[in-house]
Amino acid sequence: MSDKYTVLIAEDDKDIVEILTLYLGNEGYNVLSAFDGQEAYKIAESNKIDFAILDIMMPLMNGYDLTKKLREKYNMPILILSAKNTDSDKILGLNLGADDYIAKPFNPLEIVARVNSGIRRFYKLNPSQNDSDILKVGDLELDTESIVLKKSGKEISLTATEFKILQMLMKNPGKVFTKVQIYEKINGEYFESDDNTMMVHMSKLRDKIEDDSKNPKYIKTIRGLGYKMEKL
Numbered sequence: 017m018s019d020k021y022t023v024l025i026a027e028d029d030k031d032i033v034e035i036l037t038l039y040l041g042n043e044g045y046n047v048l049s050a051f052d053g054q055e056a057y058k059i060a061e062s063n064k065i066d067f068a069i070l071d072i073m074m075p076l077m078n079g080y081d082l083t084k085k086l087r088e089k090y091n092m093p094i095l096i097l098s099a100k101n102t103d104s105d106k107i108l109g110l111n112l113g114a115d116d117y118i119a120k121p122f123n124p125l126e127i128v129a130r131v132n133s134g135i136r137r138f139y140k141l142n143p144s145q146n147d148s149d150i151l152k153v154g155d156l157e158l159d160t161e162s163i164v165l166k167k168s169g170k171e172i173s174l175t176a177t178e179f180k181i182l183q184m185l186m187k188n189p190g191k192v193f194t195k196v197q198i199y200e201k202i203n204g205e206y207f208e209s210d211d212n213t214m215m216v217h218m219s220k221l222r223d224k225i226e227d228d229s230k231n232p233k234y235i236k237t238i239r240g241l242g243y244k245m246e247k248l
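In the numbering used here, the protein residues as written are 17 to 248.
Since the hints were derived computationally from the structure, they do not count as laboratory data.
In this text, a Cβ means the ideal position worked out from N, Cα and C, and glycines have one as well.
A few of these clues could be false.
Derived DEER-like restraints, expressed as beta-carbon distance ranges [stated by the list, open to error]:
1. S162 <-> K201: 41 to 51 Å
2. L241 <-> D29: 18 to 28 Å
3. N111 <-> K152: 37 to 47 Å
4. E61 <-> G41: 15 to 25 Å
5. G154 <-> K30: 43 to 53 Å
6. S162 <-> R136: 13 to 23 Å
7. D31 <-> V192: 43 to 53 Å
Based on the sequences and whatever the hints tell you, model everything.
Below is the structure:
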């Protein structure tokens, strides 16, 4: 499935690195690893990274700071893998730009499944040739080819997950999508524990595109159902 996509693992536990390298390697991925955040960032600067798996508690630069630093230049999907499993830890990671968050201990097969899903949805599910590369709603303009969002001509930075959510909504203005539908579209199988994750992504997206995120003009919440992009 991988077509030699490259996965970066930043984790100071060598046993975890070995097991994930084994499982991802068996799937055909090229795996690069680092045991501290600074080394991981240097690897990202000198290699094309298609997916990043980051631990939180690492020497020299922790996973939160690494996520923030990567997001300044790159938009690859980021999965945080951490022993810190409270809602506040998870929300912080997502707020800084991560796309997904899995607490330790974990099943390596679930990590592989989430990497497969993230790679497939971010890199392989391109719009058909009949679709316009440019989606427009109100003052928003999303270039699905270059993955660039502009609002009134000003560029807005998006994470991989934010891009997929916005693309889905902007391609179907007026259509209501449930949280489960949106999550399954962008990340694969939905688990109940992913509910907060979906809400955080939507909140961050509103903060970026709305003039007033508390009174949104673009992304509307349909109580008891889900979300929709207004026709403007």
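Hint check:
The hint said 41 to 51 Å for the Cβ distance between S162 and K201, and at roughly 21 Å that hint is violated. For the pair L241 and D29, the beta carbons lie near 42 Å from each other, so the given range of 18 to 28 Å is not met. Distance hint for N111 and K152: a CB-CB separation of about 28 Å, inconsistent with the stated range 37 to 47 Å. About 23 Å separates the C-beta atoms of E61 and G41, a value consistent with the hinted range of 15 to 25 Å.
Checked against the hint of 43 to 53 Å, the pair G154 and K30 passes, with Cβ atoms roughly 50 Å apart. Roughly 20 Å separates the CB atoms of S162 and R136, a value that falls within the hinted 13 to 23 Å. The hinted range of 43 to 53 Å is satisfied by D31 and V192, whose Cβ atoms lie roughly 45 Å apart.
This entry does not satisfy hints 1, 2 and 3, going by the numbered hints stated previously.
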